[in-house]
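Residue numbers (my numbering), protein chains in the order written: chain A, 181 to 504; chain B, 954 to 1214; chain C, 955 to 1239.
No lab work stands behind these hints: they were computed from the structure.
Nothing false has been slipped in among the hints.
Restricting the straight-line Cα-Cα distance to at most 30 Å, the calculated cross-link-like pairs of lysine-lysine (DSS-like) are:
#: 1; chain 1: B; residue 1: K1182; chain 2: A; residue 2: K444
#: 2; chain 1: B; residue 1: K960; chain 2: B; residue 2: K1118
#: 3; chain 1: A; residue 1: K444; chain 2: B; residue 2: K960
#: 4; chain 1: B; residue 1: K1118; chain 2: B; residue 2: K1182
#: 5; chain 1: C; residue 1: K1135; chain 2: B; residue 2: K960
#: 6; chain 1: B; residue 1: K1076; chain 2: C; residue 2: K1138
#: 7; chain 1: B; residue 1: K1196; chain 2: A; residue 2: K444
#: 8; chain 1: C; residue 1: K1135; chain 2: B; residue 2: K1076
#: 9; chain 1: A; residue 1: K185; chain 2: A; residue 2: K485
#: 10; chain 1: B; residue 1: K1069; chain 2: C; residue 2: K1135
#: 11; chain 1: C; residue 1: K1138; chain 2: B; residue 2: K1069
#: 12; chain 1: C; residue 1: K1138; chain 2: B; residue 2: K1118
#: 13; chain 1: A; residue 1: K286; chain 2: A; residue 2: K324
#: 14; chain 1: B; residue 1: K1076; chain 2: B; residue 2: K1118
#: 15; chain 1: B; residue 1: K960; chain 2: B; residue 2: K1196
#: 16; chain 1: B; residue 1: K960; chain 2: B; residue 2: K1182
#: 17; chain 1: B; residue 1: K960; chain 2: C; residue 2: K1138
#: 18; chain 1: B; residue 1: K960; chain 2: B; residue 2: K1069
#: 19; chain 1: C; residue 1: K1135; chain 2: B; residue 2: K1118
#: 20; chain 1: B; residue 1: K1118; chain 2: A; residue 2: K444
#: 21; chain 1: B; residue 1: K1182; chain 2: B; residue 2: K1196
#: 22; chain 1: B; residue 1: K1069; chain 2: B; residue 2: K1118
What follows is the residue order along each chain.
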Amino acid sequence: MSLIKVDSLSIDVLIDGAHSRVIHEVSFEVEPGEALGIVGESGSGKSLTLRAIAGLTPPESVMGGRIDFNDFDITEMTSDRLLEYRSSQIAMIFQDPRAAINPVRKIGDFLVENVVTNLGWSRSQARSRAVEVLTEVGITNPEKQLRAFPSELSGGMLQRVMIASNLLYQPDLLLADEPTTALDVTTQSSVMALIDDLRVTRGMAMIFVTHNLELAAAVCDRILVMYAGRIIESLPARNLHGHSRHPYTRALLNARPQAEGHEKRLVAIPGQPASGLEWTTGCTYASRCSFAQEICRTDLPEMRKIGTSEVACHRADDIRWDKQ
Amino acid sequence: MTIPLIKVSQLTKHFGNLLALDDVSFEVPHGGSVAIVGESGSGKTTAAKILVGLERATSGRVEVDGMDWSTPSTSSRARRERARYLQIVFQDPYSSLDPRQSIKSALREALLASGKPRDQVDKLAVELADLVALPSRIHDARPAQLSGGQRQRAAIARALAAQPKGLILDESVAALDVSIQAQILNLLTDIREQTGIAYLFVSHDLAVVRYFSDEVIVMKGGRVVESGKTESVMNQPQHEYTKLLLASIPRPGWVPGKRTI
Amino acid sequence: MSIGQLALRRSAGSRKSAKKFGWLGWAAVCVLSTFAFFGVFGAAVAPHDPNKIDLAYAYVGPIPGHLLGFDELGRDLFSRLLVGAQSSLLGPFMLVFFATLAGTTLAVVAAWRRGWVDALLSTGVDIAIAFPGILLAIILVTIFGASLPVAVLALTLAYTPGLARLLRTSATRETGMEYIKALKVLGFSDSRIIFRHLLPNLAPYIFAQAIVMFGYAVLDIGALSFLGLGVQAPTSDWGSMVAAGASGLLQGYPTQTIAAGSCLVLTAVSFAIIGERLARVWGVE
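This is chain A alone, in the form it adopts within the complex (with noise of 0.2 Å):
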């Protein structure tokens, strides 16, 4: 039984009085304890679906399909229900930890609120509860922290108390949306391995969203790329590199400069990239592909399993890389 089931989400939202779709057919599952990452550009719609998983889509919006935790569809859950689910069973850690801490809270307070008014906790059981995370997270002095301000806090200890907030309980999956993306790259790769470590000690799933694929591919199990609201390719993390299929992934990899390379050029993708309102007739990605023929213009191409990756693009079959 997967622990998380999307199938056929779409997203509608509100601009300019009239609703318009961003997320196009999105459907995926994952396995409890299995690490998910979702990369793509600005406008692919990436966070949008990982907020619709915690039941987090924007005002006014309309949301298509379904998303079941645990077989049980989110979209009809009773408010109770959806609070108890957000509250004890999924966990979310975003990009900017400053901006979802209550600045004039002390650490204290802001860690154990969840588990005194929602799951009910004494707090002196919370507040020692909190001191053992803290210490699990890798802060120093974990008793002096919880009376500190945010403000005193550093961007990556402050991204560590988010994640401790989350381990008071035993969440069943973790929700992160860009977690690095404003640290520095040394704590970015000691904030990872924290997650990583907690995330098989504790057996918990992760859907970790970002733009960095050479991030996500060392610390997921399997990646999903998404494009202009849809997903194009869906494949093992270890086959990202040298196995993707979808000419997007791999003009996204071959973008960024390469470790040990010595390029004299990057080989750049032309024009912008589309956000999902931008949908055409065939695939939106087409006026961008350097391997583009009339059929993806005129016709959406459809998910299909090719070995072990999954690839919504007509000559994914025929486009030999070896030979790039």
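Using the hints, position chains B and C against chain A.
Below, chains B and C alone, put in the same frame as chain A:
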């Protein structure tokens, strides 16, 4: 001995009690491409701001093409004169252009400021826009109508109006999507080949620096911890901090938090 | 990309702005245009001499040719309202003009110079804000005597610090923008950057604040006139008309107070609505 474009010696900067720069010295040769690498609080952006006169150094010496630029210019004539040597492109594409000004008028204004004759600025503005590959249909557009990549192109074009000898790129591609980042980096490479301009590239992204710059200066906590040819610093890092930075770049086979070098 | 950015990408602009301004906004514009017209041409279009006293008609209600009837001295109320528009609006206009000029100057100087100049101005502003405006007005009137210019001066001194503080926040944010720094590096003079780039970008904030302030100005100048500290007799003015009507109110003749008071409130409310709607359209809430 040839005079370097930028020569910084023993630069120190205090913000109150905070020591942002501590005895920093480096050089950028004419036509060279040098990177300052570091994390937040390393002082890399403060150094860049001192070079273009947006901050005043507490002590130390800044020489540009042999001239003493240690104190920011106060007269507008001196300011215009300095504009011909160093220009800067910032990080945030959403705040780097005046929201009320069309791309063409921003370029015309910069050209006029650099002393170009009034009857030529229209032609030169189009040439600049062409140089950064901004299509003519958006020359009259306001920044709000442009994408992040297009804004950064416009900011680069504006900085080039005075035909400066050096361009300071302060995290200029950090906020862009991966595919757009590659476009802008390629553009900057082309411009350097065409004009022989020097770059001082301030960045936290070692993968980009490795590709883009010939020499690298690694900074931490306001001090230079290591510098040299990019290749040797990246391949045989001497300082522990450089090693840590390099080990933190995600790449195939990378495990977060573990040193792989 | 957030929904806001998505919206920005396709936003057509004009249609949305029209919707945001709304019928209430336009109604407020109509009310103010009418008052402004009478402010300029009130004396010309008034059906009767507003200062002609005829005690025989004191407190007489509406009769043909005299729409609102007469005041306690038998003067035509409607004509007095029309002519009163001028002094009732001119005072607030001068007040808003001077306070905006002073407030903007202080805000821009503080934001541009930063450091000790900013600290000094900000502290001065904080102290000035703590001082009640009406009290200041009474002190000034005691020194210089009661007149409209003195009332305007007193309220300008009272309004400027608050406005300066509000605008300083916007100005500081704007001067921190990278385009301002880039313009400095391009070699532009401070005055050019301030007048050609900074102020035009601050203009929506300044105008929105000025319009909202106009609403308060109408009421405050009205209040000073009501207290006899502003416009002096026999010049008709809505604030002093409210005061003059007070005795009539007690005797069961409320027309003057209600009519003049309504004009003041309508003006103030209209300015508040327009200011708020414009701020919404310009996105400077």
